[in-house]
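Protein chains: 2
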Amino acid sequence: MKKYLEILKKCPLFDRIEEDRLLTVLDCLAAKVISFDKKYTIMAEGNAAKYIGIMLSGSAQIVQIDYYGNRSILSGIGPTEMFAEAFACAEVGAVPVSVIANEPCDVMLINCDRILHTCRNNCGFHQQLIFNLMKDLATKTILFHQKIEITSKRTTRDKLMAYLMFQAKKAGSHRFSIPFDRQELADYLEVDRSGLSAEIGKLRREGVLESHKKNFDLL
Amino acid sequence: MKKYLEILKKCPLFDRIEEDRLLTVLDCLAAKVISFDKKYTIMAEGNAAKYIGIMLSGSAQIVQIDYYGNRSILSGIGPTEMFAEAFACAEVGAVPVSVIANEPCDVMLINCDRILHTCRNNCGFHQQLIFNLMKDLATKTILFHQKIEITSKRTTRDKLMAYLMFQAKKAGSHRFSIPFDRQELADYLEVDRSGLSAEIGKLRREGVLESHKKNFDLL
DNA sequence: CTCCATTTGTTGAAAATTCAACAGAAATTC
DNA sequence: GAATTTCTGTTGAATTTTCAACAAATGGAG
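For the record, the sequence lines run as chains A and B.
According to our numbering, the first sequence is numbered sequentially starting from 73.
According to our numbering, the second sequence is numbered sequentially starting from 73.
One should not assume that every hint holds.
Treat identical chains as interchangeable: a pair holds within one or across any two.
Unchecked claim - No more than 27 Å apart at the CA atoms, straight line, and that leaves these computed lysine-lysine pairs for DSSO-like: (1) K74 / K242; (2) K207 / K122; (3) K104 / K242; (4) K241 / K110; (5) K74 / K285; (6) K111 / K207; (7) K242 / K122; (8) K286 / K75; (9) K104 / K81; (10) K75 / K274; (11) K74 / K241; (12) K122 / K241; (13) K111 / K274; (14) K207 / K82; (15) K207 / K286; (16) K241 / K111; (17) K82 / K285; (18) K104 / K241; (19) K82 / K274; (20) K104 / K274; (21) K81 / K274; (22) K75 / K242; (23) K207 / K81; (24) K286 / K104; (25) K104 / K75; (26) K274 / K74; (27) K207 / K104; (28) K274 / K207.
Calculated directly from the structure, the hints in this document are not laboratory data.
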């Protein structure tokens, strides 16, 4: 567990938990670590929603696959980030999404009950964890607002531009790279991949942007 | 303030706060009540995100208006429900949405700082309020998941059917009524109103559903 | 380096959405 | 209760997306 301390220190769940107490906390929470290979399913839609996930290394995506096989990417998850926390906290029965590994990754799983309901040792840090969870959930809600703001646009072009603007703002520069390949970006924007490629080509010819793979430059 | 106690008891923020302490709590939080007429703006996009809102009577909608004037409805708000809590809790500068009154309504506003940061009187209920906020934010996150699941469908028909299925499930019956008129439903589903009307007509002729205004019956 | 699998860009046809305009129904106002 | 405003459904044309198929470019494995 020790080797993950550097990552865990940066996880929003453990904000303001002193490093020298972190191991004790993890013990009290009965945290466990599981490794997954690329493309493996970390959580499957329909699974019991008991666990909060923390990505320790590697990356994954939160996806929904509908009826016809259309994939919708809700978000990407990188090291220090949490996932499935809303389903665990809201105590809904099952997760309505799947979490799929992008690459080999290590994941920490914590049974949410251990956080929400004070343990018999009365460890005293539960209040801080609950506060941190609240902050995290508020942040996630805002990310969803952004995704909805982007995907509520009616054309591929407008969705793409809205997404790129957000990314530029986040990067603090007109040059930035995105965490998605073309198919993934299409699944995040909820549009057709080939139409997306065509639109990027058109924007390039119009001199609105330059792009090479995952790198973009808004002119 | 007293006349709102019955409503406030049912607000998730005050879950497990005893009724006879509620007035004290409201006082400590410096809660205030403001009334709005139909169509009035309760919060405007860009306003400081300091306050958590609680709808006491009447109803409102959370909307985003883009560049071209397209309205996107994020959700509807009825009595006992909270709004803007994510922006206040995440301590982002400004609210990225507007809240518009559907009808005359009374709204309680609470400065979020008063909840998050324990007051000097050390009232002791802040922990419960933070826990309640966490629960509420988790629930809101799930509602956004549902909206994304619905709007990520590619056709008006699929969006509409996904929405109606959720409503039927929520109502626990194949007969139910929805909280939106046609234009509002279109703005929630992020589709064209006339196309939506056409699709409802088609589904009716196909015998998939019956509908009269806001009332639906899935056959 | 070569082969193979994956990713990206392009195209044209089919399908669906959006847009604008209008008419009838319903609700509200005075 | 008459007049006016709002809401709903319908239509056809223009725009846009989706779908399928393919070729070029890229990247990795052996």
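Hint check:
no. : hint        : result
1   : K74 / K242  : neither (32 Å within a copy, 45 Å between copies)
2   : K207 / K122 : both (20 Å within a copy, 15 Å between copies)
3   : K104 / K242 : neither (32 Å within a copy, 35 Å between copies)
4   : K241 / K110 : neither (30 Å within a copy, 36 Å between copies)
5   : K74 / K285  : neither (37 Å within a copy, 61 Å between copies)
6   : K111 / K207 : neither (30 Å within a copy, 32 Å between copies)
7   : K242 / K122 : between (32 Å within a copy, 23 Å between copies)
8   : K286 / K75  : neither (31 Å within a copy, 57 Å between copies)
9   : K104 / K81  : within (16 Å within a copy, 39 Å between copies)
10  : K75 / K274  : neither (47 Å within a copy, 60 Å between copies)
11  : K74 / K241  : neither (36 Å within a copy, 46 Å between copies)
12  : K122 / K241 : between (35 Å within a copy, 23 Å between copies)
13  : K111 / K274 : neither (32 Å within a copy, 41 Å between copies)
14  : K207 / K82  : both (14 Å within a copy, 24 Å between copies)
15  : K207 / K286 : neither (30 Å within a copy, 37 Å between copies)
16  : K241 / K111 : neither (30 Å within a copy, 33 Å between copies)
17  : K82 / K285  : neither (30 Å within a copy, 52 Å between copies)
18  : K104 / K241 : neither (36 Å within a copy, 36 Å between copies)
19  : K82 / K274  : neither (40 Å within a copy, 53 Å between copies)
20  : K104 / K274 : neither (48 Å within a copy, 52 Å between copies)
21  : K81 / K274  : neither (44 Å within a copy, 56 Å between copies)
22  : K75 / K242  : neither (30 Å within a copy, 46 Å between copies)
23  : K207 / K81  : both (16 Å within a copy, 24 Å between copies)
24  : K286 / K104 : neither (34 Å within a copy, 49 Å between copies)
25  : K104 / K75  : within (13 Å within a copy, 50 Å between copies)
26  : K274 / K74  : neither (50 Å within a copy, 61 Å between copies)
27  : K207 / K104 : both (23 Å within a copy, 24 Å between copies)
28  : K274 / K207 : neither (40 Å within a copy, 45 Å between copies)
Against the hints set out earlier in the document, violations occur for numbers 1, 3, 4, 5, 6, 8, 10, 11, 13, 15, 16, 17, 18, 19, 20, 21, 22, 24, 26, 28.
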